[in-house]
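A.B. asks: Residue strings, one per chain:
2 protein chains.
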Amino acid sequence: MTTPGKVYLVPTVLSADALFSIPAYVTAIVQQLTVFYVENERTARRYLKALDRNINIDALQLLLMNENQPPDVALAKKLLLEGKDIGILSEAGCPAIADPGHLVVQAAHSVDARIIPMIGPNSMLLALMASGMNGQNFQFVGYLPIKPPERTKMIKELELESERKKQTQLFIETPYRNNQLLKDILDNCKDHTQVCIAADITAPTEYIKTKTVKEWRKQLPELHKRPAIFLLYAGQ
Amino acid sequence: MTTPGKVYLVPTVLSADALFSIPAYVTAIVQQLTVFYVENERTARRYLKALDRNINIDALQLLLMNENQPPDVALAKKLLLEGKDIGILSEAGCPAIADPGHLVVQAAHSVDARIIPMIGPNSMLLALMASGMNGQNFQFVGYLPIKPPERTKMIKELELESERKKQTQLFIETPYRNNQLLKDILDNCKDHTQVCIAADITAPTEYIKTKTVKEWRKQLPELHKRPAIFLLYAGQ
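Chains as they are written, first to last, in my numbering: chain A, 13 to 248; chain B, 13 to 248.
Chain A on its own, in the form it takes in the complex (with noise of 0.2 Å):
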C-alpha cells in the first residue's frame, strides 16, 4: 500500500513585499509541489513566483477554494491516497484558520494524511504578542454582527466576558467599516478597558496600540481599508 501524500500548510505574505516573513524552508517546500489549494489564482501565482521565480507555474495544478466554490475535497482525498504531496495557500497569512482550508485538512486527517504546518505571519497571532493583554486566555470570535443592536449587543457582551474570565477578545471588521466598529467599541465600553488596534501588520505602516477606551476617545487613527484586527481586554 503507498503511503499517503501530506499536506503542507503554506504561509503567505500579510502585506505587499513582506517576503521577510516567511522563513526559507518554505521555499524548499513549496519548490517540491506540483498540486496547491488556493483561494484565488492570481494571486497564488504571483506570490509562488516571488517565493522562486524559478518555478514553472504553468505545469502547477492550482485547485481553487473560497466562499462560491468549497474545496473538492473528494479530489484532495484521491490524490493523497496515490502519495500526491498537496499544498494549501490562503490570501493572507497561515492557511487553514479563516479560510476554506480547514476542509482540506479534514480530509486529508480522514485518510491518515500527514499535515504539517509550516510557520509564517498570522495576524491574529502578532496582534496577541503586541497588545500586551493576556495570552493564558484568549478568544477569536471572527467578524462582528454589522447590524446595530445585535453589534451593541456583542461588544458589551464580549467586555463582560472579558472582565469575568480576565479573557482577551479578538475580533476583526471588513476593512471599509473599521473605523466605524472603533467608534462602537468606544460607545459601548467602559472608560477603563484596554483596546488593542493592529493595523497593516509586517507594512511599512504597521501600526499597533494599547489604550484605553477614555484615552482613545481623545484622538483616533484613520482606519478606512487599513487590514486591521481589534483586541479588547476589561480583566482587573
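Please note: incorrect hints may appear among the correct ones.
Any copy will do: because identical chains look the same in the list, a pair fits if it lies in one copy or spans two.
[What the hints assert, rightly or not] DSS-like cross-link-like pairs, simulated, lysine-lysine; straight-line CA separation at most 27 Å:
1) Lys-165 - Lys-177
2) Lys-226 - Lys-18
3) Lys-178 - Lys-168
4) Lys-230 - Lys-89
5) Lys-177 - Lys-202
6) Lys-165 - Lys-178
7) Lys-177 - Lys-221
Hints were generated in silico from the structure; no laboratory data involved.
Here the structure of chain A is known, so what remains is to put chain B in place on it, guided by the hints.
C.D. replies: Just chain B, lined up with the frame of chain A:
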C-alpha cells in the same frame, strides 16, 4: 526629546535544532540588540549563539523575567525613554503570550514605544492550522484545573461551549500529565466530539492527529513528557 526605543518580540524555537522555523530577519534584528528580557539566561545565551555564533554574548544585558521574578518594568521604561531598543525572548516560541513578557510590552505601550512582533513558531497557531477545526471561532484557556472534580467539570463545560458556539477549544497540560489529560477527555466527552492532539511540533517526531473521541478510545498515543497541545471541537 528622544524618540523612545523599540521593543522587538523575538521568537525562539519550539524544539531543539528547529532553527529552520526562524525567519532570517530575526537574526538581523538580534545582531543589533544589546538588552534582552529572558526567562532563562542559559537557554537565551544558547539560542542567541545558535542564531549567530559571532554575537558577543558577554556584552549583552540579560534581564530576568519568570514566575519567581517579574520583569523590572521601571527599568524597561527608563531604557526605552533613553532611546534604547529591547528584545523579549521566551523559553519557547513567540514571546509575550504565555510568559511575563507581556508586562514589558505593557510598560512599552505606557511610554508610547513602538512594539514589533516578529514572525516565528507558536504551538497554538500551528496546532489550530493542522487540526482542521474551526479557526473563525476559537478559545485558548491555558492549563485545565488539576483536581478531578474541577477538571471534569471544566472538560464538560468546554465541550458544551464548543457545541453551542461551534467554537474550537485549545488547552495545554504539563507534559508529564498529558496521558492523564487525554484519558480524562476520553472519559468525559461524547463519542462524536473531535479531539486533535498536536505533540512535538516542528520536531522530527512531530505528531498531529484529529479523531473522534470514539476513535481515540481504540488506540492511545504515548504522550508522556512530550510538549503537546489539545484541541476539542463538538460543533455540528
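A.B. asks: Now, for every hint given, state plainly whether the structure supports it.
C.D. replies: Hint-by-hint comparison with the structure:
1. Lys-165 - Lys-177: For Lys-165 and Lys-177, the Cα distance is within 27 Å both inside one copy (18 Å) and across copies (16 Å).
2. Lys-226 - Lys-18: So Lys-226 and Lys-18 pass the 27 Å test across copies only (25 Å; inside, 50 Å).
3. Lys-178 - Lys-168: both (15 Å within a copy, 20 Å between copies)
4. Lys-230 - Lys-89: Result: close only across copies, 23 Å inter versus 55 Å intra.
5. Lys-177 - Lys-202: Classified as both: same-chain Cα gap 16 Å, cross-chain 26 Å, threshold 27 Å.
6. Lys-165 - Lys-178: The answer is both: 19 Å in one copy and 19 Å across copies each meet 27 Å.
7. Lys-177 - Lys-221: within (23 Å within a copy, 30 Å between copies)
The structure is consistent with each of the numbered hints, conforming to all of them.
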